[in-house]
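**Student:** Protein chains in written order, with the numbering used here: chain A, 618 to 1087; chain B, 9 to 120.
If you're looking for bench data, these hints aren't it; they were derived computationally from the structure.
Note that the structure is a prediction, hence the values are computed from the model and not measured.
Backbone N, C-alpha and C define an ideal beta-carbon position, used for all residues, glycine too.
Heads up, some of the hints might be wrong.
[As the list claims (entries may be wrong)] Once the Cα atoms are required to be at most 25 Å apart in a straight line, the calculated DSS-like pairs of lysine-lysine come out as:
#1 A:K911 - B:K51
#2 B:K80 - A:K848
#3 B:K51 - A:K963
[Claimed, not checked] Among the chain A residues that face chain B by a calculated CB cut under 7 Å, a handful are:
#4 P915
#5 E916
#6 V958
[Said to hold, decoys possible] A short list of chain B residues far from chain A (calculated; beta carbon distances all over 12 Å):
#7 M9
#8 K10
#9 S115
#10 G116
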Amino acid sequence: MKRIKPYLYGLIILLAGTALAWAEDTVPTVMSNKEAIDLVQTHANYVWTLVAAALVFFMQAGFAMVETGLTRAKNAINILMKNLMDFSVGSIAFWAVGFGIMFGATSTGWFGTNGFFLSDFTPDGDPWVLAFWMFQVVFAATAATIVSGAMAERTKFVSYLIYSAIVSAVIYPIFGSWAWGSLFHGNGWLEGLGFIDFAGSTVVHSVGGWAALAGAIVLGPRIGKYGPDGKPRAIMGHNMPLAALGVFILWLGWFGFNPGSTTTADKSIAMIFVNTNLAAAAGACTALITSWIKFGKPEVGMSLNGALAGLVAITAGCANVSPASSIVIGAVAGILVVLSVLFFDKIKIDDPVGAVSVHGVNGAWGTLAAGLFNIGGTTGKIILVQLTGIGACFVWTFVIAFIMFKIIAATIGLRVSAEEEIEGLDITEHGGEAYPDFGRSTHTGGMAISSGAAMSEARMAVGSAALSSK
Amino acid sequence: MKKIEAIIKPFRLDEVKDALNKMGISGMTISEVKGFGRQRGHKEIYRGTEYQVDFVPKIKIDLVVSSEMADKVVAAIAENANTNKVGDGKIFVMPMEHAVRIRTGESGPDAI
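Bound conformation, chain A alone (with noise of 0.2 Å):
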């Protein structure tokens, strides 16, 4: 014990003296307490964000859902196929040179010119990149994947594929980066104007729905969807269940992507929340009422769209309109989605989903409302500058995508033979089939529009006219 002794007391004479050393590091101070409290708040904005992404995310699978149910099962595989490729050569081609375009510094106010390949992002440096990418990068592939409802049942899958690079790289973050540039480096000229677009209803959603549309002129409408008469026939979705399903995981995702767009943990995100959740509400409601009015019975089609309609018209105002206000945007959403569905058929453009009609009229209707049903009050300046938006919108994404269709078309060609469209997209595209269990039957809604059954003369007269414009 005696030799153990001197030991003993430098041992604990050495703790004591480390216990004191450590003391004086952990007694809090005012700023210590502040960057704390400051790098919790930090965090939760990044899960915010980042779940946000997530919800986002898995809208993708709504719109593989709602796409596939309305359209007829020998396509089935072609459409999860571009639902699957629009967001995986999206995320690439947004992470190349997409996500430079919207947000980097910018000279002109048109187009960032820095942050491709997300330079942005150093191992130790902020982190904070990654999240705003990631939640960025679901919403250019919600825009992208818009387009592919409209082209359902007749488009080529490589030039669809050509098609998601190019929006998703240029034609999306351009206009992308005149409203939302300054959330990162960039400053965009609409955005300085004053532009409300919270959360993209002409970002996001217009932009989709012009493509679209600029996409359904270009390829024509489907093989049987028009009679000699030039009425538009009724070409069934396959399987109603998928399209309603769709719907729900859109409703799910779109709490994401409205409040996830604060990309900040606060008390604004449950203002938007309600918001969005009433516009849907209002919209099918409206939609269902009009719907059976003027057809006699509630139908199910037009009623899912009324709800994506008011979902898409809440998404720009959505964080400076009132609930109550939310419920008047979303019913006028739901109204306008079924006229618009039976004015597109008329003047013969087929959109076998209703994408324009849902995401580019309502796209258009949610960025004015924004204006016009803002908080703290409306001023003809307020709706003028909506207005220039919504106009820019178009212009820039109808003409743009266009001309890329136009020239898809010139080149590889855009629109699949009448033959293949006529077998069906699974077997001449991908080569199999979506459900090889069950025998191939035809539709028999009044004119048989088949599956795969002999066509006769006229009705491939009839189609052929169609594709004159391959």
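Once you have looked at the hints, place chain B on chain A.
**Tutor:** Using the frame of chain A, we list chain B on its own:
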């Protein structure tokens, strides 16, 4: 032997099948078909576009029976498939030339 083809309303299938079983009929084949006679279809609506559905779902029963049983079978089917409404269906009887049981190779009336 006779071949009997009966086109009936789908929800009458169980009654017809039970009646045939009671008579000692040992087998039948059914298929899901669509058709119309005097029963017209109806109008449906899809995303704002009206269309006429002319073909109505039916069940087709295929039976091969001995010639002596044919009349009784036809009567049994008619009685059990009848709902006194348009669209109840039709029964056709035609001569059957030959039949073979695959497992045993029996042929003719022994095969049914």
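**Student:** Checked against the structure, which of the hints given earlier come out wrong?
**Tutor:** 2 and 4
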